[in-house]
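J.: Same order as they appear, the protein sequences are chains A and B. Using the UniProt record's numbering, you'd call the opening residue of the first sequence number 1 and step up by one each time. Using the UniProt record's numbering, you'd call the opening residue of the second sequence number 1 and step up by one each time.
All the pointers check out, no bait thrown in.
Put simply, identical chains are the same to the list, so a pair is met inside one copy or across any two.
Below 20 Å or equal to it, Euclidean Cα-Cα: the simulated EDC-like pairs (lysine to aspartate or glutamate) are: (1) K52 to E93; (2) K52 to E96; (3) K52 to E97; (4) K231 to E185; (5) K231 to E131; (6) K231 to D127; (7) K231 to E159; (8) K231 to E166; (9) K231 to E155.
Just so you know, these hints were derived from the structure itself, not from any lab.
Protein chains: 2
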Amino acid sequence: MADDPQEPAAEPAKSPISAFSDPTYRTGVVELLGVLALGEITAFERLAEDAKMAPTMADKAELSSMATVEFGHYVSLRDRLVELGADPYAAMEPFEESFERFHRNTAPSDWLESLVKAYVGDGLAADFYREIATYLDPDTRELIMSALADSGQSEFAVERVRTAIEAEPRSGGRLALWGRRLMGEALSQAQLVAAEHDGLTAVLVGGADRPGMDLAGIGRMFARLTENHAKRMASLGLAS
Amino acid sequence: MADDPQEPAAEPAKSPISAFSDPTYRTGVVELLGVLALGEITAFERLAEDAKMAPTMADKAELSSMATVEFGHYVSLRDRLVELGADPYAAMEPFEESFERFHRNTAPSDWLESLVKAYVGDGLAADFYREIATYLDPDTRELIMSALADSGQSEFAVERVRTAIEAEPRSGGRLALWGRRLMGEALSQAQLVAAEHDGLTAVLVGGADRPGMDLAGIGRMFARLTENHAKRMASLGLAS
Numbered sequence: 001m002a003d004d005p006q007e008p009a010a011e012p013a014k015s016p017i018s019a020f021s022d023p024t025y026r027t028g029v030v031e032l033l034g035v036l037a038l039g040e041i042t043a044f045e046r047l048a049e050d051a052k053m054a055p056t057m058a059d060k061a062e063l064s065s066m067a068t069v070e071f072g073h074y075v076s077l078r079d080r081l082v083e084l085g086a087d088p089y090a091a092m093e094p095f096e097e098s099f100e101r102f103h104r105n106t107a108p109s110d111w112l113e114s115l116v117k118a119y120v121g122d123g124l125a126a127d128f129y130r131e132i133a134t135y136l137d138p139d140t141r142e143l144i145m146s147a148l149a150d151s152g153q154s155e156f157a158v159e160r161v162r163t164a165i166e167a168e169p170r171s172g173g174r175l176a177l178w179g180r181r182l183m184g185e186a187l188s189q190a191q192l193v194a195a196e197h198d199g200l201t202a203v204l205v206g207g208a209d210r211p212g213m214d215l216a217g218i219g220r221m222f223a224r225l226t227e228n229h230a231k232r233m234a235s236l237g238l239a240s
Numbered sequence: 001m002a003d004d005p006q007e008p009a010a011e012p013a014k015s016p017i018s019a020f021s022d023p024t025y026r027t028g029v030v031e032l033l034g035v036l037a038l039g040e041i042t043a044f045e046r047l048a049e050d051a052k053m054a055p056t057m058a059d060k061a062e063l064s065s066m067a068t069v070e071f072g073h074y075v076s077l078r079d080r081l082v083e084l085g086a087d088p089y090a091a092m093e094p095f096e097e098s099f100e101r102f103h104r105n106t107a108p109s110d111w112l113e114s115l116v117k118a119y120v121g122d123g124l125a126a127d128f129y130r131e132i133a134t135y136l137d138p139d140t141r142e143l144i145m146s147a148l149a150d151s152g153q154s155e156f157a158v159e160r161v162r163t164a165i166e167a168e169p170r171s172g173g174r175l176a177l178w179g180r181r182l183m184g185e186a187l188s189q190a191q192l193v194a195a196e197h198d199g200l201t202a203v204l205v206g207g208a209d210r211p212g213m214d215l216a217g218i219g220r221m222f223a224r225l226t227e228n229h230a231k232r233m234a235s236l237g238l239a240s
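If we strip away everything but chain A, and leave its shape as in the complex, we get (with noise of 0.2 Å):
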């Protein structure tokens, strides 16, 4: 890669007053809104769901209690829209079909997939809205920064996969086309994603008196995201 994967995103945006002032920005700050809200209760629904497979009960309440975080995270985004006056279940709405299929393409098929899911799964939605997250106003930046505060249970993940391999290295190998087919899938339906929305893309492509991304700037945030998820993969002990 000839950029540095790790250079700062941006400068900060505006306050939220004037930036709220404009109807693009506040039109594309519902849908981001509305994409996390719907992001973090479907996290909750899978997490939940995965959780059936879990070999202990220990082992279910933690992939329970990541659920329960992912809710909580929903509770303020949801919160939030109220307050920006806007509908959040029609703001969630027309992002539905897309977080079914990414659901359905990648369903886990037993314990160990589920938690490779959930543990790189939410390490890239995490990147990917951090990353969304500079350019926005302080107040929304604060918010989605704290939805997306490490729900503490990734050690957990890292550990449990690292032992499952150990104990069967063959694993590992079906595990790595795993979490390389979950990166497929999500950079492919955040692909339908902003092809569909365009306040989302104008969100993150500025506006005349908004600081934005131009394409080599998305090229290089593509780049940290991907260096991000192999380093999480490496955690897990598999290749990416």
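Got chain A sorted already, so can you dock chain B onto it with the hints?
T.: Just chain B, lined up with the frame of chain A:
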């Protein structure tokens, strides 16, 4: 009913230190916390599962929110077991089959049945545990009481079910039968659990220096449980 079902249940139990010096008492409390903790995490699972049947995203969020409240209760009960030096998973394990059987026999077939189950089942469990809690040391009692605090969503269930019955009065008959079935299953599972776990029963009936319920007291407790169940059914607009 000859006896007043609203009678106060018992005189306060002894202090924690002397209570726990009785090994029978300690065993009983560990069993009790085990059954409560398992009940809460199972409730979390079922509510998260039933939330999928919600007709709208707002409804789904309400049931998911009830689920996360149950999970929080689970965490405090589990932590208390650890404090008492017990293995929380070993304490829960003996009750897994009963809860599985209960939920298998009462799997809601639609959204309204889910709501009735959430409201009626939660209320019944809370009443029962509250009855038992009066025979416990103050610390354990306080923990149980706070774990049983209403998840605050009862109003939601009541409102939704009443509205649905007004819109389609015929569904009232079906839901009334459903409520009776829930009560019947709960009582028969509770009976099995009590019969199989002497420690639990010992807490209830007391000991040489601990107050407890005699047979007549147990009868009156069931009268109170049934009466409260009927009140909940009535608040849903259903015959019991």
